[in-house]
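Go ahead and model the full structure; you've got the sequences and the hints to work with.
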Amino acid sequence: MSTEEKRNNEMENEDQQQPTISRRYFLAGAACLSAATVVSLSPLLNAEEVPSTDEFIQKHYKQLSDEDKKEIFAKLEAGIDKQYGVAATISDTQPIEGVEFAYVLNLGRCIGCRKCVYACMNENNQSRSPQKQYIRVLKMKQGTVNLETSNHDYPEKEASSEDFFYMPVACQQCREPKCIEVCPVKATWKEKDGIVVVDYNWCIGCRYCEAACPYHARRFNFAKPQISAQELNPDMGYLSNRPRYMGVMEKCTFCLHKTRRGEYPACMEVCPTGSRKFGNLRDPESEVRKIIEQERVFVLKQEAGTLPKFYYTFAK
Amino acid sequence: MNKDSSGIISDLAKTILIGNRTYALWMFALIAISLIGLNAFSRQLAHGLYTTGMGDEISWGLYISNFAFLVGMAAAAVMMVIPAYIFKDEEIHKVVIFTELWAIAALIMCLLFITADMGRPDRLWHMLPVIGVFNWPMSMLTWDALVLNGYLFLNLYVCGYVLYKKYKGQKLVTRHYVPIVFLAIAWAPLIHTITAFLFQGLAARPFWHSGLIAPRFLASAFAAGPAFIILVFKLMEYFKCCTIHKDVIAKIRIIVTVSLLINLLLFGSELFTELYSGSEHSIHLSFLLGFHGKSVLAPWIWSAVALNIIAAAILLLPARENPRLLNVACVMIVVGIWVEKGLGFVISGFIPTPLGDFVQYQPTFNELTVCFGILAFGLLIYTALLKIAVPIINGQLCHRKNSN
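Chains as they are written, first to last, in numbering that gives the first Met the number 0: chain P, 0 to 315; chain Y, 0 to 403.
Check each hint, because a few of them may be wrong.
Straight-line C-alpha distance at most 20 Å; calculated SDA-like pairs for lysine to any residue [what the hints assert, rightly or not]:
hint	chain 1	residue 1	chain 2	residue 2
1	Y	13	P	30
2	Y	245	Y	326
3	P	138	Y	356
4	P	61	Y	137
5	P	189	Y	137
Rather than coming from a laboratory, the hints here were simulated on the basis of the structure.
So this is what it looks like as structure tokens:
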């Protein structure tokens with residue numbers, strides 16, 4: 000017997016001494032593990048939302064050609080018709096040259112009725128269950144602008160009290176928005192007219208923008224958004240109020256599907272006190288421009304350095 | 000597949016699959032918990048992040064907390080690599096690979112926690128450079144993705160190289176792996192610094208917006224990570240996997256002590272700045288500590304501070320020579336820093352919200368299950384890696400020349 004063979008034999012002996020695993024046990028174990036994995040994954044069968052292949056491979060909004068958009072909009076409209084039985088139109092109105100939108104809110108007049116909150120929701124097709132609102136009205140003590148002592152959930156009957164003032168806050172459409180800087184996939188950006196938008200088909204749902212916003216302006220669809228067919232507003236913008244997906248971010252867009260056509264945003268239209276003014280900042284004759292130039296206005300959290308285009312004033 | 004690689008695979012498979020009763024039970028438990036976690040994650044995928052305790056007010060919860068903690072645990076491996084490769088400590092050099100393997104397991108957990116936190120994990124491909132849109136260098140999250148994956152790759156390379164060469168019975172070629180080790184040494188603090196920058200760069204959250212966050216992250220990581228490694232080494236000795244020289248434990252203990260003291264110093268400095276000035280900026284901290292109305296986090300953060308202080312006391316007193324007390328101190332440090340970083344740092348940054356709303360965060364059962372699933376899966380990977388690495392390093396598992 001050569002040394003080589005001797006070593007071989009020794010090795011084999013060693014093998015026999017070591018505990019081994021039989022093929023049968025191994026296969027049984029592997030089968031059990033696979034079965035258990037499949038069972039673990041079973042809740043996926045009840046998934047509330049499954050993206051189609053087209054949705055899965057859809058490119059970023061800015062990379063879409065006009066034909067791509069046409070096709071996508073048609074599919075979305077067909078999907079809305081199928082789901083809600085509503086004939087919706089999805090528009091993609093582009094920013095108007097020479098227009099930069101700004102908002103002015105007169106805290107001296109606001110009575111905190113929250114009509115803007117609900118008009119916004121009706122216009123923008125936010126989820127009703129769980130309810131998503133873009134505008135939050137803070138009931139503030141007189142003599143302070145301390146947000147920490149403000150009340151966000153005051154009952155309706157506590158509106159228009161003389162002892163308080165009311166400060167509605169929504170997206171401030173900043174000139175230097177931190178939310179768009181932090182987005183890892185550029186799913187949110189500032190349009191030419193200054194409106195910050197979200198591509199609902201590109202957002203990965205990391206919520207970094209929500210953490211970066213100093214105004215608590217962003218809303219995330221933790222659940223599948225629920226809205227009834229009767230409540231659905233059929234006049235939809237692709238970057239604004241079309242139905243949203245589960246797991247994506249959304250926010251106020253100054254009702255861009257309306258305002259880019261020359262209409263006013265829903266919150267302003269509904270305001271019973273005339274506290275809200277909206278217009279083109281670049282037009283020297285516009286109402287907002289005149290107020291900003293002539294009245295004493297301030298922006299919220301100026302120290303955050305985001306340069307909001309949403310101004311507050313305490314006028315009569 | 001050639002004979003050579005099939006030999007390796009069968010060797011590795013046998014090593015992982017065969018073990019004593021304790022090993023089998025441990026692995027079975029980890030697999031079971033991982034699968035329960037996978038089940039909970041499937042439920043989350045099906046019904047959205049609504050299944051968690053997060054909301055628009057507290058939009059990051061336990062997933063990001065665990066992520067921040069585990070990035071530190073991964074980075075902490077460097078505290079063993081530095082003495083091994085820079086100060087040429089032979090005893091630590093013998094066992095350094097076990098800490099590098101821990102970095103791999105910790106990083107895998109980090110990536111899983113990030114995936115679990117995504118609203119649309121199906122769209123993660125949007126983050127791939129070239130195919131998707133990668134917002135680099137503006138978004139800190141893209142930096143984090145780069146450094147975490149880079150660090151994972153570096154550690155996989157070093158561990159893979161060392162283990163493969165030892166398995167084959169070949170000599171390690173210094174220039175083939177030591178430069179990568181040095182790169183990893185520089186890289187490790189980077190992963191935790193950038194993870195800190197992710198938070199501290201946000202002016203919207205005054206609690207995070209402090210230059211002390213990155214140093215605090217590093218100090219706490221270099222306390223918790225090596226404390227965990229001490230426990231692992233002691234367990235490995237207990238199960239007679241290998242002998243760890245007692246100097247190794249003593250040296251790691253010094254690293255833990257110094258890091259823990261620095262961490263306490265930085266925490267104290269932050270506490271003083273915030274509370275002495277009494278500016279509005281301090282509202283997050285005073286709420287967290289329970290000075291500003293009811294806070295469910297207050298008992299947690301106070302226990303964390305107590306755990307850290309008691310552990311520091313044990314490590315500074317002669318009692319540290321008592322192995323049992325050392326174990327207790329290490330457990331206290333790991334738990335204390337987990338609470339401090341997770342609940343005390345990530346979640347309290349959201350309370351109050353930027354509009355001054357005070358909201359409490361209560362994780363759901365499903366969310367906790369996902370967390371435990373990911374932690375179990377990480378430990379499963381680490382155990383399997385150790386099961387292979389230990390016999391290779393001990394020279395019991397090697398390539399059989401005759402089968403060539």
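How the hints compare with the structure:
1. Distance check on the hinted pair: residue 13 (chain Y) and residue 30 (chain P) sit about 17 Å apart at the alpha-carbon level, within 20 Å; holds.
2. A distance of roughly 14 Å separates the Cα atoms of residue 245 (chain Y) and residue 326 (chain Y); the hinted pair therefore holds under the 20 Å criterion.
3. Annotation: proposed proximity of residue 138 (chain P) to residue 356 (chain Y) holds, straight-line Cα distance about 12 Å (limit 20 Å).
4. With a C-alpha separation of about 18 Å, the suggested pairing of residue 61 (chain P) with residue 137 (chain Y) holds against the 20 Å cut-off.
5. Taking the CA atoms of residue 189 (chain P) and residue 137 (chain Y), the gap is near 15 Å; set against the 20 Å cutoff, the hint holds.
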